[in-house]
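Asker: Okay, here's what each chain looks like letter by letter:
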Amino acid sequence: MHFLGFAQHLFRFRKANTFYFLSALSAFVVVTSFIILIATLVIRSFPVFTKPSYEVQIEPIITADNLHTDSLSPSDDVAYIPDLPSQNERLSQTHPSQDVTLVYNAGQLELFQSKQLVATSPFAKVTQVFPSNIPFVFYLVVSETYDATQLFRVHWQANKPLQSLLLFELSKEQRLVSVIESDIHNIVHLLLHKDGVTQLVMLNLVTAEALTEVELEGIGGLDTAKRDSIKLRFDDNVITVEVFDLEASVTLKELFLPHAFPGYDNASLTWQTNPAQDYQLRKYNIMPLIIGSLKASAISLVVALPIALGAAIYVGFLAKSNARTWLKPVIEVLESIPAVIIGLIAATFLFNVAVSILWSVVTFVALLPIYMALNAYVYQLCKRSKFERLFIRFELVIVVLSLLCFLWLSSALGTWLTTWSWIQTVTPSNQIMLVVALGLGVGIAPTIFSLAEDAINGVPKTMIKASYALGATRVQTLSQIVLFTAFPGLMAAVMLGFGRAFGETMIVLMVSGNTPVAEWDIFTGLRALTANLVIEMPEANSQNSHLVVLFLTALVLFLFTFVLNCSAEWLRQRNKKARGRLQ
Amino acid sequence: MILSLAWFRRFCIVNVPLVATGLLTLSLLLILLLVVAKGMAHFSVKPIYQVTHPAFASTVLAMVEQRGENQSTLHWFNPIDKELQSTQIELVNQQLERLPQIYGLKTRTGKILFARDIQLGEKPFSKAEWQRQLDENKIFAKQIEQLNTKIYPLELRFAQYSQQSIPYTAPVFVRLSAELHNLHEQKRQLHIEQQQNQALIQFTDDISEVFSVSDIALVWQPNDMSFGDKIWFSIGEIWRFITSDHNASSGSAGIFPALFGTILMVFLMTVFVMPIGVLTAIYLHEYAPENYLVTGIRVIIINLAGIPSIVYGVFGLGLFVMGLGVQLDQAFYAQNLPSPTFGAPGILWASITMALLTLPTVIVATEEGLQQVPQALRNGALALGATKYEAIRFNVLPMASPNILTGAILSVARAASEVAPLLLVGAVIYAPTLPVDDTFPYLHLERQFMHLGVLIFDSVFHSSNTFDNQSMMFAICLLLIIVVLSLNLLAAILRAKLRQRYERYS
Chain A
1 MHFLGFAQHL FRFRKANTFY FLSALSAFVV VTSFIILIAT LVIRSFPVFT KPSYEVQIEP
61 IITADNLHTD SLSPSDDVAY IPDLPSQNER LSQTHPSQDV TLVYNAGQLE LFQSKQLVAT
121 SPFAKVTQVF PSNIPFVFYL VVSETYDATQ LFRVHWQANK PLQSLLLFEL SKEQRLVSVI
181 ESDIHNIVHL LLHKDGVTQL VMLNLVTAEA LTEVELEGIG GLDTAKRDSI KLRFDDNVIT
241 VEVFDLEASV TLKELFLPHA FPGYDNASLT WQTNPAQDYQ LRKYNIMPLI IGSLKASAIS
301 LVVALPIALG AAIYVGFLAK SNARTWLKPV IEVLESIPAV IIGLIAATFL FNVAVSILWS
361 VVTFVALLPI YMALNAYVYQ LCKRSKFERL FIRFELVIVV LSLLCFLWLS SALGTWLTTW
421 SWIQTVTPSN QIMLVVALGL GVGIAPTIFS LAEDAINGVP KTMIKASYAL GATRVQTLSQ
481 IVLFTAFPGL MAAVMLGFGR AFGETMIVLM VSGNTPVAEW DIFTGLRALT ANLVIEMPEA
541 NSQNSHLVVL FLTALVLFLF TFVLNCSAEW LRQRNKKARG RLQ
Chain B
1001 MILSLAWFRR FCIVNVPLVA TGLLTLSLLL ILLLVVAKGM AHFSVKPIYQ VTHPAFASTV
1061 LAMVEQRGEN QSTLHWFNPI DKELQSTQIE LVNQQLERLP QIYGLKTRTG KILFARDIQL
1121 GEKPFSKAEW QRQLDENKIF AKQIEQLNTK IYPLELRFAQ YSQQSIPYTA PVFVRLSAEL
1181 HNLHEQKRQL HIEQQQNQAL IQFTDDISEV FSVSDIALVW QPNDMSFGDK IWFSIGEIWR
1241 FITSDHNASS GSAGIFPALF GTILMVFLMT VFVMPIGVLT AIYLHEYAPE NYLVTGIRVI
1301 IINLAGIPSI VYGVFGLGLF VMGLGVQLDQ AFYAQNLPSP TFGAPGILWA SITMALLTLP
1361 TVIVATEEGL QQVPQALRNG ALALGATKYE AIRFNVLPMA SPNILTGAIL SVARAASEVA
1421 PLLLVGAVIY APTLPVDDTF PYLHLERQFM HLGVLIFDSV FHSSNTFDNQ SMMFAICLLL
1481 IIVVLSLNLL AAILRAKLRQ RYERYS
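Here the protein sequences line up with chains A and B, keeping their order. Going by the numbering used here, the residue at position 93 of the first sequence is 93; the numbering climbs one at a time, nothing skipped. Add 1000 to the 1-based position in the second sequence for the numbering used here, that's all there is to it.
Worth flagging that the hints you see were computed from the coordinates, not collected in a lab. Please read these numbers as outputs of a predicted model, since none were measured by experiment.
Output of the computed footprint for chain A on chain B, the stretches with three or more beta carbons under 8 Å from beta carbons of chain A:
id : region
1  : 1279–1285
2  : 1416–1422
3  : 1484–1495
Here a beta-carbon is modelled for each residue, glycine too, at the ideal position from N, C-alpha and C.
Please work from the sequences and hints to get the whole structure.
Answerer: Below is the structure:
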């Protein structure tokens, strides 16, 4: 029997230990999943911070009949390129696959398509012309002086003059042998000869940064080029240069700074991951998206903040306490309404009236002081009448009804205003931002409200009572005691609301029109980071840098909200501690 | 009085909050009202008018939507193409005529027809006659089915005999073929009888078409319905909306696959999230010491709650679909590798992602419940000799169970209303198959699924002006809002109940 009792005892404790172990394990799982989340985002976007690399592999000697030259590599030109041709010599290069020829003739570049001249432009001192494997793209070597030699990328688009971009400065000893441009990455490989050494240099086409390079003894020509390997021929030897981590060819400069993209007149911040033309590059500049997100969240805060903070003050301090018990849950119902429904309503309903919505909002804001003055006057009158108690009890219902009338009035006025011809001339054509602001504002207001109300309600009642006891009025108590004490909490609420607006996806996606424009102007479109992820992530090509950049934008989103959350939490904790000392 | 400073302060400090609260409440009310009104309108009976308008050569039958002052949308029936078309024209009341005898029909393929008259065989249309013919057809179909079960083994034997090269003149063969012939003859007779139940549908005075009775799913006479009929019809519409299949081509159809996909995803998510969430909360509140590590865990939970939902979607895509899924495919599904099995978005990855998304909700709700259980109860249990585990298992957890349930409900509501991450990890606009069917292993976790929110999202981008497309979206919105709000209400009631129960202890 003793034995049985001991077994039971053991069993009891084993169960207890298992339970303790399981609960600790699940806490560990939570922590690990958070770490894995960060790790996934960081690892997937890590190629942004690294660079691609070359690795040389020497293959055994290949017999001559196995050698084949790739059609797109101008390997035969190696022998024919003259050392430094005179200025007036005629240079010409033809694209192997297209019937396009670029001719340099006496300071003029001339492009022929099917033997017809389609474009000319003046260009000084071109010494070499290379065709690229991309249609309508050529590379020019220009020698201004004997010392400085520059490499230009020239491209042509129908009905436009030739455009050129400075890429690289060659030294005196270096001589360009061939160029290999990648079709899905923004890079070009340059094969250079320098004092009996063959150099392979990888350039980023957007920023013109040299990403990586490799040096090989001896003079070699190009044999074949593929995306991930380049074969060079040295007499009888074929040396394969493997290219690793091509998706890492995107650089931080490319992501954040403005660049002069081919086909654009000035340096610009542009996000366009699928180029319309072959000669164009993939434009991975995430600034338009960040600006779009900031713009959307800022403008929605303009709508949400007064409403949410005002409502928090009313519910947390001004309203009678029994009103608070039902009013807070009712407003929090708004928080639980799916964002996609708010988005649908904004996109179908508000959007249909967008022509007059601007002027309706303008009238609403303009008439608001008058409305509120009227409200306050009626309030004063009613407070002195015999219906005081009834009026105070139903003040919210009365205000809602009067607001409904006021909204209808201002929208009618706004519609009427739009019939004026003067108004029509000053109305901006793009009013999407207003719809975004209203929709997103309604979406995030309940979050801010809920947190701010908690902060205001958390102000110790003893302080408020003391304030009243010292003779302060309700208004004085509110402005000098309650708001002052709750200020860190209110700040935290605003920060969390901003984070929520920054991370909100569906409303922005459905309403904003999703044009990535890097402008702070209110009346242009926008594309937010979040919306961009939904649009492009499912179809992103995992072979090039697109997916990497998208993961980086997710990391940016995460870090932004992480910082906001942590600082808001820090504010709240500090506030709680300070309040704890007071009580 | 008006311009005094005190008045101005009062004006600012009291009125601004009041108006702000009013605005917030008003926007809530307007959203709910809009969704309810537009959603219910989808199920209502709309009258069919006879329209005489210079835009049409002859009179047409049409439904009128959005009667504006000068523009109104007309869904009119084109008798030549036999389909509904939408136009925007100016209408005045005199051009509309409400004839009592006009029929609306829905075919089995989801098409809508408007007809002036229907003849069932020789008789005019009546509900009873139509029902009788339908029942008759059903009986015929059953008989044909029975015949088929008889014919099939005989056919098999026939094939066997001819394979064994038994001569056609052999008595066995002759008997068999005679029997088969007889059965086929019976079947043909039944088919002919079934075909006789036909409806002659008169679209205009000179255009008509013959339909088999079983092709017509629904007939109604919107202009000739009593109030009770209308209510009954609307209830039927709601039922068909919820239970019938979604058909992307015909547009107007039910949402059953989306509802099913949402429920299944949420169910799987609950299975993943509940144990971990509840156990974590128990660890944090009952076992964990107060040190920096635990503070760190709390910070992590707060941060998990604050991460934008789309980041969870990206994470799910990056880790589960592109990482784990690809590995799984290489290890277990190598035979069909070029086409991915788990290496593509699917319901399993979606539910795990959503589980992570709703984890903080469950933890916070459970911890709140544990906090409300009075310390005296724990101490009492320990004093009576219970171990800490027993105190938690038999005293604390049962008392906190309403809050755990609240956590589950809130997480379900959150998962049902969240759309953005699902777009990346598995939800699609149209899935040809449900994730559950009758082939082994019955629950196909790798399949993509449909989701109510995704349908709503899609409607904005691919809005077509087909008949009832937009009102259908609002009907889906209504369903979603009813589900989410009732779940939230349930959670609030449960929470309030628990708070009340333990108020006297604290």
